[in-house]
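Residue numbers (numbering that gives the first Met the number 0), protein chains in the order written: chain A, 0 to 286; chain F, 0 to 286.
Note that these hints are calculated values from the structure, not bench results. All values reported here derive from a predicted model rather than from experimental measurement. All C-beta atoms, glycine included, are put in the ideal place defined by N, C-alpha and C. Just so you know, not all the hints are guaranteed correct.
[Stated by the list, open to error] Which bits of chain A does chain F cover? Going by a derived footprint, with three or more residues having C-beta under 8 Å, they are:
1. 6-15
2. 109-121
3. 138-151
4. 155-161
[To be verified] Listed below are the simulated EDC-like cross-link pairs for lysine to aspartate or glutamate, each with C-alpha atoms no more than 16 Å apart in a straight line:
5. Lys-11(A) / Asp-1(F)
6. Lys-52(F) / Asp-161(A)
7. Lys-11(F) / Asp-1(A)
8. Lys-52(A) / Asp-161(F)
[To be verified] Here are the simulated distance ranges between beta carbons:
9. Gln-3(F) / Tyr-257(A): 52 to 60 Å
10. Lys-273(A) / Gly-163(F): 53 to 61 Å
11. Tyr-157(F) / Thr-231(A): 50 to 58 Å
12. Tyr-4(A) / Pro-6(F): 39 to 47 Å
13. Thr-231(A) / Asn-70(F): 52 to 60 Å
Number of protein chains: 2
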Amino acid sequence: MDGQYLPMSQAKVSVLDWGFLHSDATYDTVHVWDGRFFRLDLHLDRFFGGLEKLRMAIPFDRDGVAEILHNCVALSGHRAAYVEMLCTRGASPTFSRDPRQAINRFMAFAVPFGSVANAEQLQSGLHVAISDKVRIPPASIDPSIKNYHWLDLVRGLYDAYDRGADTALILDFNGNVAEGPGFNVFCAKAGRLSTPAVGVLPGITRRTVFDLCAEAGLSAVAADVSVAALKTADEVFITSTAGGIMPVTTIDGAPVAYGKVGAITERLMALYWKRHDDPAWSSPVRY
Amino acid sequence: MDGQYLPMSQAKVSVLDWGFLHSDATYDTVHVWDGRFFRLDLHLDRFFGGLEKLRMAIPFDRDGVAEILHNCVALSGHRAAYVEMLCTRGASPTFSRDPRQAINRFMAFAVPFGSVANAEQLQSGLHVAISDKVRIPPASIDPSIKNYHWLDLVRGLYDAYDRGADTALILDFNGNVAEGPGFNVFCAKAGRLSTPAVGVLPGITRRTVFDLCAEAGLSAVAADVSVAALKTADEVFITSTAGGIMPVTTIDGAPVAYGKVGAITERLMALYWKRHDDPAWSSPVRY
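I would like the entire structure built from these sequences, with the hints used as guidance.
Dropping the structure here:
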C-alpha cells in the first residue's frame, strides 16, 4: 500500500477513508495453492469490472496489479495463500463529502490460505442453518461488484451459531435461497445441479463448477432454488475461493439425503483440486 | 483508539479488521456547536443500542464513552465539531472467520463540523435528484443499527451529480422516497409535515424536528412519502447531524412550489439552532 510492501501488522487504513466510513470499496480475492495462483485472470476481470462500476481509478493496469500480487505472495513466502486486491474511495484532502474529490486507494495483501470448512468438515460435511435474513438485493447494490456489505451475512451467521450450525445461508428477496457468508451454494437432484441465479455474487468457484460440469458432462443451471428444494436435494455443497468446493450434509439439523458427502460432490472436489496445477487455469508465483 | 489520543493522521485501522473487510461495525456521530454537544444522550442511546443488536461489547459504559468524546473535542480544540464514536467487530488473533472470536474495537474522533449543504445552499436551497436506487431494506439490515453500508447511497449520489443536482434521495423497496446520503427528508403540504416511516435511519435530527413541531403546534407524521407527494409539496427539507435542517428548493430540476425556502422550513431552522444553548438539549464540552 502507498507504494510500499509492509508486514500485515503495519497494513492500516485511515479511519477517515470512505472505504471504511462508507464501505465504499471493491475487492477481489484469489488463492494460491502449492505455489500457483488459481484462475487469476478471472479475479482480475471481476476486480477491474467493479472498479469501473464504482467509478474508481487506480494507477495500475492488469499486469501492474498482477505483479503486485506476485510480490505480496513472494515476500510473505506463503505456498498456500489468500491474496486480496482492493480499492477504496479514499478520502478527500479537504474533508469534502463529495466522493468525486476523494483520492482512490489501491492496496493488496497475502495471508495464509483459509477455508470456510475445516479438515473435519471437508470430510464429513458442514451443518448449515438457513436464516430468514435477506441478502442485500441487486436494486440496492449490484452483486457483481464484489463488496464488503456483510451485516446481513454476519447476522445470518449468528442465527446459525445460535442453532448449533457451522455456517449460514440467507435468502433472496423472493424467499429463495441466496448465498452464505463468502460462498455460493449448489444442490444436486437426480444428477442435475442447480445454484441460485439472482442476487448472488457471481463467484469464480461457482463459475469453475459450471466449467467442470461442462467438461464432465454434468448438467448445471442457475435458477431459483427454494428452501424446500435445498432440503430435499440429494447433495448440497458450497463454493468459495476460501476452501473450494465444500460438502453440506446437514441443513437446519436434518440430514441432506443420507447425511453423507455425495458422489457428485466428491467427484467435483477431486476435479477442482486436480486442476490446480493445470497451466490453463493456474500460474506459478514468481517467488 | 487503543487507549491513546492521536492526531487524525495517525488514526488508522488494520486492513484485517472486520469493520473494514465486512463493514461489520456500528457508529454514531454527535455534533458540537459553539463549544456544546447537542443531544449527546440520544446519540449514546442509539450507539449502545446498535452495539447490543450486533452483539458487540466495549470496555466503556455511557459515561466512559462520553468522557472520551469530551477529550477528543477538547484535545482538538474545535468549537464546532463532528464527533464520531464507533465500534468494529475487530479481528481474530488466529485469522478465524468466526466473528465471535474477534476482539471488538472501540474508537472515537473529532473533526471540524461539516454540513451536507454549504452556506449558499442553506440560503437558497439544495437541488436534489431522486435516484431509482433502493435503500438496503430492513429485511437485510436493521436501519436502527447505524451502519456504514452506503454503496446504494453513493450510487444515488453519482446519479444525482450526473443530472446536475447537489445531492440525492433514493427509494424504499415499495418505490416511495426513503432517504439520502446521511440525511432524512421531510415535506410539508398545507401546513402538515411528513417524513418516510420505514427503511430509514431513525435520525436524531429527524427526531428533533418531531420534538420542535410538538412544541410549536405543528403536525408531523412518519408515513409513506411518494415521489409525487414530494414533488408537489409546498416545502421540502432534509435533516442531518451534518448541517441540521437544510432546505430543498429544486427536485429533479423542477422547483418545489415557488422554488424558495418555505416559511415552515425557516421557522424550524431558527428553532433548531436556537436550542443549541438550551441546557435541556446541550451540554458544554469540558475543554
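Verification of the supplied hints:
Counting residues of the region 6-15 of chain A whose CB falls under 8 Å from any CB of chain F gives 8; the rule of at least 3 is met. Counting residues of the region 109-121 of chain A whose beta-carbon sits less than 8 Å from any beta-carbon of chain F gives 4, enough to reach three: the coverage restraint holds. Given as covered by chain F, the region 138-151 of chain A passes the check, having 10 residues with a CB less than 8 Å from a CB of that chain where 3 are the minimum. As drawn, the region 155-161 of chain A meets chain F at 3 residues by the rule of a beta-carbon pair under 8 Å; at three or more, the given contact holds.
Pair hint Lys-11(A) plus Asp-1(F) holds up; C-alpha atoms about 14 Å apart against a cutoff of 16 Å. With a C-alpha separation of about 14 Å, the suggested pair Lys-52(F) and Asp-161(A) falls inside the 16 Å cut-off, and the hint holds. Straight-line distance between C-alpha atoms of Lys-11(F) and Asp-1(A) comes to about 14 Å, which keeps the hinted pair within the 16 Å bound. The hinted pair formed by Lys-52(A) and Asp-161(F) meets the criterion: a straight-line CA distance of about 14 Å does not exceed 16 Å.
The supplied range of 52 to 60 Å is met by Gln-3(F) and Tyr-257(A), whose beta-carbon atoms lie about 57 Å from each other. Distance hint check: the CB atoms of Lys-273(A) and Gly-163(F) are about 56 Å apart, consistent with the given range 53 to 61 Å. With their beta carbons about 44 Å apart, Tyr-157(F) and Thr-231(A) fall outside the hinted range of 50 to 58 Å. Taking the beta carbon of each, Tyr-4(A) and Pro-6(F) are about 25 Å apart, not inside 39 to 47 Å as hinted.
Evaluation of the 52 to 60 Å hint for Thr-231(A) and Asn-70(F) yields a pass: the beta carbon distance comes to about 59 Å.
In this structure, the earlier hints numbered 11 and 12 are contradicted, and the remaining ones agree with it.
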